[in-house]
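Visitor: Listed below are the residues making up each chain.
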Amino acid sequence: MGEEILRVENLKTYFFTEAGVVKAVDGVSFSVYEGEPLGIVGETGSGKTVTSLSIMRIVPPPGKIISGRIIYRGEDLLEKSEDEMRKIRGKKIAIVFQDPNSSLDPLFTVESQLNEVIMAHLKVTKQEARNRALELLKMVRIPDPEARLKAYPHELSGGMRQRVAIARALANEPDILIADEPTTNLDVTIQAQIIELLKELQSKLKMTLIMITHDMGLVAETTKRVVVLYAGSVAEIAPTNEIFKSMRHPYTAALLKAVPRIDRRKELKPIPGSIPNLIDPPSGCRFHPRCPYVIQRCIEEVPELEFTDQRAVACHRWKELSLKGE
Amino acid sequence: MAGLWRYILRRLLFVIPVFLAVTLLTFLITNAAGDPVQIVKFAIRRITPAQVAALEAYYHTNEPIFARYFYWLFSFLQGDLGTSLRGGLVASKILPWIGTTLELQFLALAFSLAIGIPLGVYSALKQYSKADVVISSIAIFGYSMPTFWLGIQAIIVFSLYLKWLPFGGAISPYPPYWGGSIYTDIIGHLILPVGVLTFVSLATFTRLLRASIVEVLRQDFILAARASGLRERVVVYKHALKNAISPIVTITGLSIGLSLAGAPITETVFSWPGLGYAYVQAVNALDLPVVQDLTAIITIVVLLVTILTDISYAYLDPRVRLE
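Protein sequences appear in the order of chains A and B.
Going by the numbering used here, the first residue of the first sequence is number 8, and it counts up by one from there.
Going by the numbering used here, the first residue of the second sequence is number 26, and it counts up by one from there.
It should be emphasised that the hints constitute simulated quantities derived from the structure, not laboratory data.
Quantities reported herein were computed from a predicted structural model and do not represent experimental measurements.
There could be a bad hint or two in this list.
Claimed, not checked - Calculated lysine to any residue pairs in the SDA-like style (CA-CA distance at most 20 Å, straight line):
id: 1; chain 1: A; residue 1: K98; chain 2: A; residue 2: L177
id: 2; chain 1: A; residue 1: K98; chain 2: A; residue 2: K71
id: 3; chain 1: B; residue 1: K267; chain 2: A; residue 2: Y159
id: 4; chain 1: B; residue 1: K151; chain 2: A; residue 2: G70
id: 5; chain 1: B; residue 1: K66; chain 2: B; residue 2: A310
id: 6; chain 1: A; residue 1: K94; chain 2: B; residue 2: R258
id: 7; chain 1: A; residue 1: K94; chain 2: A; residue 2: P67
id: 8; chain 1: A; residue 1: K145; chain 2: A; residue 2: E203
id: 9; chain 1: A; residue 1: K130; chain 2: B; residue 2: R258
id: 10; chain 1: B; residue 1: K267; chain 2: A; residue 2: A158
id: 11; chain 1: A; residue 1: K87; chain 2: B; residue 2: Q244
id: 12; chain 1: B; residue 1: K263; chain 2: A; residue 2: G70
id: 13; chain 1: A; residue 1: K71; chain 2: B; residue 2: Q244
id: 14; chain 1: A; residue 1: K94; chain 2: A; residue 2: E43
id: 15; chain 1: A; residue 1: K145; chain 2: A; residue 2: L204
id: 16; chain 1: B; residue 1: K263; chain 2: A; residue 2: P113
Taking the hints into account, I'd like the entire structure generated from these sequences.
Guide: Have a look at this one:
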């Protein structure tokens with residue numbers, strides 16, 4: 008494992024809506040090590056995307072980062088000025104969004120969208136930026152890149168658009184690439200190609216990859232370590248190869264039971280109940296209303312994230328439970 | 026490019042039935058007040074039978090109304106606008122009206138855009154802030170107030186009470202001129218009507234742009250632009266504004282088309298000698314040829330500007346295909 012490149016400490020990002028304060032991210036902590044592919048996994052509404060937007064400090068209103076620290080190479084990003092932060096976005100930390108249909112501006116050509124990102128961080132001429140843009144399109148394996156530079160997003164297929172979005176994120180060779188469900192809105196066959204591409208680029212560019220997903224299969228395939236989020240807080244952190252064998256949090260176990268597996272003909276078990284209301288989250292452990300192992304202590308006391316060797320878990324009963332995913 | 030010309034041609038063909046329908050309807054409605062000869066006879070009591078006969082021959086009043094419509098239509102298409110019932114050729118009267126109206130309308134439109142766009146952007150960016158509430162309240166006030174009331178209040182306050190500005194008209198007929206010279210006098214006469222028109226249409230631009238930008242700012246590509254480290258200025262003025270501008274283009278197109286119709290109420294309140302004022306006077310005087318010709322000209326202009334507006338979308342948005 009490399010050096011620690013990013014550490015999120017007790018991050019709280021709330022949304023101040025008319026219905027009340029939505030505690031979308033409520034005390035999330037984890038570390039990311041240089042060059043590793045890290046997974047962040049959880050259901051819709053678990054705080055995955057808000058965590059990544061918080062790291063970039065682009066949480067849209069009415070969202071606001073309330074407290075915590077985001078340490079990138081020893082410096083707290085939350086202390087930076089807006090101008091310093093702008094130089095980090097797209098240059099040091101970049102992000103690929105979920106839906107390539109909406110993450111590219113429909114009114115500008117591929118070339119113009121790549122150029123502006125290159126020229127936002129580097130003093131280069133238009134011609135140099137164009138050459139770089141061409142190089143990027145080749146890197147993400149877009150056929151006939153010269154012609155594609157002049158294309159508008161609507162003239163490209165979904166898979167091609169996502170490749171362009173990846174090219175844009177990699178334009179300035181960032182240290183960290185956050186991929187926020189990069190395949191959710193693509194056809195299954197295209198999904199595999201995009202995942203292959205991301206894996207290949209990650210190892211070629213020795214980039215730190217944060218893969219945000221709800222898909223445990225994708226976690227197994229692309230990551231070395233995984234952070235499991237539930238309702239805005241961390242349930243468990245573990246090396247990927249261990250978590251499939253010995254999960255410590257009942258939520259992780261439930262999540263794995265809900266994943267279809269081709270080698271085992273077992274019925275899928277959906278997790279009972281639904282993700283809690285984050286305006287008024289459950290007391291104690293937020294998973295307690297859905298947990299089969301709930302005891303009185305779970306309802307009364309919030310479990311701390313306990314670190315042991317390579318792993319961490321936030322469950323009062325993890326030592327006594329022996330959980331299985333299948 | 027061939028597609029574009031085909032599109033324009035097809036749209037132009039659609040102009041024909043709309044034009045015929047509007048002008049026929051106008052012809053039928055105005056003639057319901059009586060035919061031109063009856064109106065002239067009513068106004069001029071001492072008319073000789075020979076003159077009546079000449080008028081009847083000129084207006085074809087012995088023929089059915091539909092035939093009379095076609096007589097009008099053919100003369101109009103040949104560029105002959107006929108004679109006003111109040112004397113004089115319609116064509117020679119209309120041109121100066123168009124000039125004074127455009128002077129007023131284009132200034133008002135230019136000010137509405139120049140003030141409305143920045144205000145709309147600003148209040149979208151500072152949504153629900155105090156500034157936004159103030160801007161939105163003023164905009165809604167301007168939008169809700171009847172133009173004639175606002176115009177009369179402006180005259181009462183600025184002309185009658187404060188004596189800062191002239192009452193009405195486009196120019197003082199004789200000295201003393203406002204501000205000392207004939208040029209400052211023209212400007213002085215423009216201030217109140219342009220001000221009132223701007224204030225009234227400003228609201229439309231500001232509110233529409235605000236809503237449109239708020240909508241665009243929620244899109245992923247705005248988040249992606251921010252995440253790429255682009256300057257906020259670039260994110261807002263390049264990406265958000267360009268995506269949000271199309272409703273403004275529609276309204277601007279419509280405004281340009283309708284501006285030729287003048288602002289009948291504003292022009293009447295300020296006695297502004299433009300097309301709108303002339304239109305109202307022609308209606309009051311039952312000057313049928315003037316009403317008919319003005320309606321026809323305004324119809325054509327509105328239809329053509331609408332086509333131009335639609336074509337402009339193709340330049341603003343590459344997804345729009347004109348075929």
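Visitor: Could you check the structure against the hints above and give me the numbers of any it violates, in ascending order?
Guide: 2, 11, 12 and 14
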